[in-house]
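Q: Chain by chain, the residues:
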Amino acid sequence: MARTTAVPAKPVVELPDVTKRDFLQLVALAGAAVGTGAIAWPLIDSMNPSQDVLALSSIEVDLTPVVVGQGITVMWQGKPIFVRHRTATETKEAQDVQVSQLIDPQADSARVKAGHDEWIIVVGICTHLGCVPLGNKPSDPRGDWGGWFCPCHGSQYDTSGRVRHGPAPANLPVPPYAFATDTKIKIG
Amino acid sequence: MAGIQESTFRNPVINWIDTRLPIFTMMQKEYGNFPTPKNFNYLWNFGALSMVILVIMIATGIFLAMNYQPNVTMAFDSVQRIMRDVNYGWLIRYAHQNGASMFFIVVYIHIFRGLYYGSYKSPRELLWMLGVVILLIMMATAFMGYVLPWGQMSYWGATVITNLFSAFPIVGQPIVTWLWGGFSVDNPTLNRFFSLHYLLPFVLIGIVFLHVAALHIVGSNNPLGIDVKTPQDTLPFHPYYTVKDSVGLCVCLLVFATLIFFAPNFLGDPNNFIPANPLLTPSDIVPEWYLLPYYAILRAVPNKLGGVCLMFGSILILFVLPWLDTSKVRSARFRPIYRQLIWVWVASFFVLGMVGAHKPLGWWVLTGRIATLYYFAHFLIVLPLLPRFEKTLPVPESISQPVLGGGRLPRGVPARSMENA
Numbered sequence: 001m002a003r004t005t006a007v008p009a010k011p012v013v014e015l016p017d018v019t020k021r022d023f024l025q026l027v028a029l030a031g032a033a034v035g036t037g038a039i040a041w042p043l044i045d046s047m048n049p050s051q052d053v054l055a056l057s058s059i060e061v062d063l064t065p066v067v068v069g070q071g072i073t074v075m076w077q078g079k080p081i082f083v084r085h086r087t088a089t090e091t092k093e094a095q096d097v098q099v100s101q102l103i104d105p106q107a108d109s110a111r112v113k114a115g116h117d118e119w120i121i122v123v124g125i126c127t128h129l130g131c132v133p134l135g136n137k138p139s140d141p142r143g144d145w146g147g148w149f150c151p152c153h154g155s156q157y158d159t160s161g162r163v164r165h166g167p168a169p170a171n172l173p174v175p176p177y178a179f180a181t182d183t184k185i186k187i188g
Numbered sequence: 001m002a003g004i005q006e007s008t009f010r011n012p013v014i015n016w017i018d019t020r021l022p023i024f025t026m027m028q029k030e031y032g033n034f035p036t037p038k039n040f041n042y043l044w045n046f047g048a049l050s051m052v053i054l055v056i057m058i059a060t061g062i063f064l065a066m067n068y069q070p071n072v073t074m075a076f077d078s079v080q081r082i083m084r085d086v087n088y089g090w091l092i093r094y095a096h097q098n099g100a101s102m103f104f105i106v107v108y109i110h111i112f113r114g115l116y117y118g119s120y121k122s123p124r125e126l127l128w129m130l131g132v133v134i135l136l137i138m139m140a141t142a143f144m145g146y147v148l149p150w151g152q153m154s155y156w157g158a159t160v161i162t163n164l165f166s167a168f169p170i171v172g173q174p175i176v177t178w179l180w181g182g183f184s185v186d187n188p189t190l191n192r193f194f195s196l197h198y199l200l201p202f203v204l205i206g207i208v209f210l211h212v213a214a215l216h217i218v219g220s221n222n223p224l225g226i227d228v229k230t231p232q233d234t235l236p237f238h239p240y241y242t243v244k245d246s247v248g249l250c251v252c253l254l255v256f257a258t259l260i261f262f263a264p265n266f267l268g269d270p271n272n273f274i275p276a277n278p279l280l281t282p283s284d285i286v287p288e289w290y291l292l293p294y295y296a297i298l299r300a301v302p303n304k305l306g307g308v309c310l311m312f313g314s315i316l317i318l319f320v321l322p323w324l325d326t327s328k329v330r331s332a333r334f335r336p337i338y339r340q341l342i343w344v345w346v347a348s349f350f351v352l353g354m355v356g357a358h359k360p361l362g363w364w365v366l367t368g369r370i371a372t373l374y375y376f377a378h379f380l381i382v383l384p385l386l387p388r389f390e391k392t393l394p395v396p397e398s399i400s401q402p403v404l405g406g407g408r409l410p411r412g413v414p415a416r417s418m419e420n421a
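Protein chains in written order, with the working numbering: chain A, 1 to 188; chain W, 1 to 421.
Quick caveat, the hints were computed from the structure, so don't treat them as lab data.
Everything numeric in this text was worked out from a predicted model, so none of it was measured.
Among these hints, one or two may not hold up.
To be verified - Keeping only pairs whose Cα atoms sit at most 30 angstroms apart, straight-line, the calculated DSSO-like set for lysine-lysine is:
| # | chain 1 | residue 1 | chain 2 | residue 2 |
| --- | --- | --- | --- | --- |
| 1 | A | K20 | W | K38 |
| 2 | A | K20 | W | K29 |
| 3 | W | K304 | W | K359 |
| 4 | A | K92 | A | K137 |
Kindly produce the complete structure, drawing on both the sequences and the hints.
A: Next up, the structure:
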């Protein structure tokens with residue numbers, strides 16, 4: 001309580017040395033601070049994701065229905081995940097880009113799983129201000145680099161989900177995932 | 001009040017703020033140097049303790065509300081989710097649930113302190129009445145909070161308590177329908193109870209502020225029940241009573257922690273682990289322990305309206321207590337008969353509590369009626385008439401007198417001059 005921290009109004013008599021009382025006061029205050037922290041932590045931690053939310057932290061996606069050239073959107077941790085089956089041309093385009101020319105330089109090989117070059121899986125949230133870019137459906141506008149186009153502020157991504165035209169500053173992030181079988185991935 | 005405040009604080013930041021908004025000067029005056037009778041016993045801890053518990057209740061309540069769903073289809077499950085899935089949800093909920101019990105324990109002892117030492121007498125009548133308002137709001141808040149988990153006891157408790165108002169002729173049923181927002185306790189009732197349960201604690205803070213403000217105007221009573229005469233009768237609040245309150249707080253929190261960690265459901269009712277069912281009343285309907293005495297008074301009267309009136313009257317009578325007790329002597333220490341009868345009243349309160357926990361059958365009915373009779377007779381007959389017969393003991397000249405010379409020496413109070421004199 002505030003009352004314990006009030007500064008005495010009358011001048012304190014200066015003592016020549018550190019006294020036992022100073023020590024006791026410091027220990028008491030430190031004890032109170034630790035105790036307050038220990039009480040506050042459960043309250044603060046209760047705002048972190050709860051067990052039922054964490055239980056939904058991984059999903060499995062069956063890739064068989066996704067035909068070449070098409071993409072699907074799945075929900076993972078409340079976010080849209082783009083799962084796109086690239087055509088051979090799209091894959092080649094993504095691999096042949098000179099990495100040094102990119103806004104956020106990253107090779108395509110670092111964004112796909114080895115042996116599964118045709119699958120690009122990214123978090124479908126524009127790195128500018130959080131809109132969901134268009135381009136999963138072949139009929140969507142895909143921008144000049146054939147990947148995704150964000151309708152909010154015109155950011156464009158290539159077929160590897162790398163940003164090619166601003167204002168977005170960074171590539172679409174790749175979520176943690178692994179191929180369980182050749183036709184099934186586990187995200188998270 | 002216009003003009004700049006001369007601040008005496010040496011810390012430049014504190015001084016700068018204090019010059020413009022003298023909150024530090026106020027805290028220093030009201031909680032630092034505040035002259036407090038030097039003979040407090042540990043019963044004077046309970047006001048500060050109840051304030052701490054109120055803060056704990058509000059803090060835990062805010063975090064519970066982040067995870068609670070005030071909807072009849074989700075309320076029960078959301079509470080179970082808090083218990084199982086939310087990080088430390090079990091701790092926060094058990095602290096809140098048992099905190100209600102701790103709040104009433106502490107406040108009941110605080111009220112007993114006031115009764116025993118005559119703290120309600122002039123000039124502290126308004127202070128006392130504000131306290132009764134706090135008690136009433138506490139009860140309403142506790143009742144509505146108990147409804148929120150939407151278990152069987154929640155539902156049927158809500159039904160029974162709201163139906164109390166139906167006892168009033170003509171306006172009764174419309175009032176009940178209005179309280180429910182429908183024709184039975186249902187979703188609208190739960191929604192409004194949640195809203196009010198969140199609101200009322202903040203109203204409590206406001207009234208507690210007035211309660212404390214009134215206290216700081218008239219000053220604290222003390223175990224001798226006599227007025228402070230000289231500065232020698234007082235001690236600065238800090239550090240003497242901040243430390244004494246801290247000791248009491250440690251003990252209080254130990255009890256609280258024991259309840260939370262070793263017997264979290266000891267004071268609860270197993271029926272509330274069953275989701276609310278509007279088609280089936282549990283075989284034993286009882287309120288939470290802290291409302292049992294009033295429940296017993298309600299059932300002691302064989303007439304519906306009479307029972308309700310007596311139940312409300314059992315609290316409302318406290319408002320006029322300062323005028324019912326005509327004795328000029330405050331402390332029971334100097335009132336040989338009152339000193340014994342106050343324990344009879346306490347016993348009647350406890351007996352009513354036990355009666356309230358049992359079905360109104362057999363001798364429980366008679367016991368309840370006798371206890372109810374004394375509960376009211378104590379206030380309406382004993383207190384007004386007692387001063388005519390009671391020969392009070394001589395009251396000491398001052399708080400310091402029993403310490404410094406003659407009279408009964410309270411233990412543990414060393415006789416020495418006070419630096420703040």
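Q: A separate judgement is required for each hint: does it hold in the structure or not?
A: These are the hints, each one checked on the structure:
1. At most 30 angstroms may separate the alpha-carbon atoms for a hinted pair to count; K20 (chain A) and K38 (chain W) meet this at roughly 26 angstroms.
2. Taking the CA atoms of K20 (chain A) and K29 (chain W), the gap is near 28 angstroms; set against the 30 angstroms cutoff, the hint holds.
3. Among the hinted pairs, K304 (chain W) with K359 (chain W) is consistent with the structure: their alpha-carbon atoms are about 17 angstroms apart, no more than 30 angstroms.
4. Restraint check for K92 (chain A) and K137 (chain A): the C-alpha separation of about 20 angstroms stays at or below 30 angstroms, so the hint holds.
This entry satisfies every hint, going by the numbered hints stated previously.
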